[in-house]
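Engineer: We have chain Y; now place chain B onto it with these hints.
Residue numbers (the working numbering), protein chains in the order written: chain Y, 1 to 116; chain B, 117 to 226.
Note that these hints are calculated values from the structure, not bench results.
No false leads were mixed into what you were given.
Computed beta-carbon distance windows for the label pairs:
id	chain 1	residue 1	chain 2	residue 2	range
1	B	Lys197	Y	Tyr10	20 to 28 Å
2	B	Met196	Y	Leu116	33 to 41 Å
3	Y	Asp53	B	Pro226	44 to 52 Å
4	Y	Asn55	B	His154	22 to 30 Å
5	Y	Gln41	B	Tyr186	20 to 28 Å
6	B	Gly174	Y	Met3	20 to 28 Å
7	B	His154	Y	Tyr50	28 to 36 Å
8	B	Gly131	Y	Asp53	44 to 52 Å
9	B	Gln192	Y	Lys17	43 to 51 Å
10	Y	Gln14	B	Thr173	43 to 51 Å
11	Y	Gln14	B	Gly156	20 to 28 Å
12	B	Glu121	Y	Asn63	25 to 33 Å
13	B	Arg182	Y	Asn55	23 to 31 Å
14	Y	Gln41	B	Thr173	21 to 29 Å
Below 25 Å or equal to it, Euclidean Cα-Cα: the simulated DMTMM-like pairs (lysine to aspartate or glutamate) are:
id	chain 1	residue 1	chain 2	residue 2
15	Y	Lys44	B	Asp209
16	Y	Lys38	B	Asp155
17	Y	Lys44	B	Asp198
18	B	Lys197	B	Glu130
19	Y	Lys38	B	Glu121
Incomplete in silico selection of chain B near chain Y, CB under 10 Å:
id	residue
20	Gly156
21	Thr160
22	Ile215
23	Phe216
Here a beta-carbon is modelled for each residue, glycine too, at the ideal position from N, C-alpha and C.
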Amino acid sequence: DAMVIQNPRYQVTQFGKPVTLSCSQTLNHNVMYWYQQKSSQAPKLLFHYYDKDFNNEADTPDNFQSRRPNTSFCFLDIRSPGLGDAAMYLCATSRDGTAGPGDEQFFGPGTRLTVL
Amino acid sequence: GQSLEQPSEVTAVEGAIVQMNCTYQTSGFYGLSWYQQHDGGAPTFLSYNALDGLEETGRFSSFLSRSDSYGYLLLQELQMKDSASYFCAVGTDSSYKLIFGSGTRLLVRP
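If we strip away everything but chain Y, and leave its shape as in the complex, we get (with noise of 0.2 Å):
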């Protein structure tokens, strides 16, 4: 089946001590997308991809960086993870990023970031 893998599920990190997230994509959608979701709160949009193009949230922290080497694989980099970093985080992708019929975000199952 198509779907969205993230790996690892769980990650623990020290404070300070940079950390790589990987998402990839059986899909072949042009669009990828990283996403923070903190208890009981709705996803916060980091950065996305349409194919190699990359587009930073205004708020996202310096601290995140994110790499897309092809079209199936996406990395989320911390520099440097603080306690607050601590969260649930998403990676989707869609076909084309309109949104529409067809074309909704397919999530994986999400990389939960322990910062101890």
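Structural biologist: Below, chain B alone, put in the same frame as chain Y:
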């Protein structure tokens, strides 16, 4: 600013009908989407409205009034498995992104 308002919690009885509302204030509007998220799970797409009116998919219906900047998700014949958070989301322009509301947590009781 851009905002979407949703009630934080709704409780309903198994077999009943529940309506979850969403009002939005955004600088642009391309359509209103609804996503379901079970605890610990990923959001999954439920429905999409770009034009005024009602869209029905099985037990789920979604309504939009663009003039009122308002929509709702209607769930019929509630089942225990419907207990989850429901997010509305607006596409505001052509930049491929959605703005999510804070979500309504639905609790279905026996």
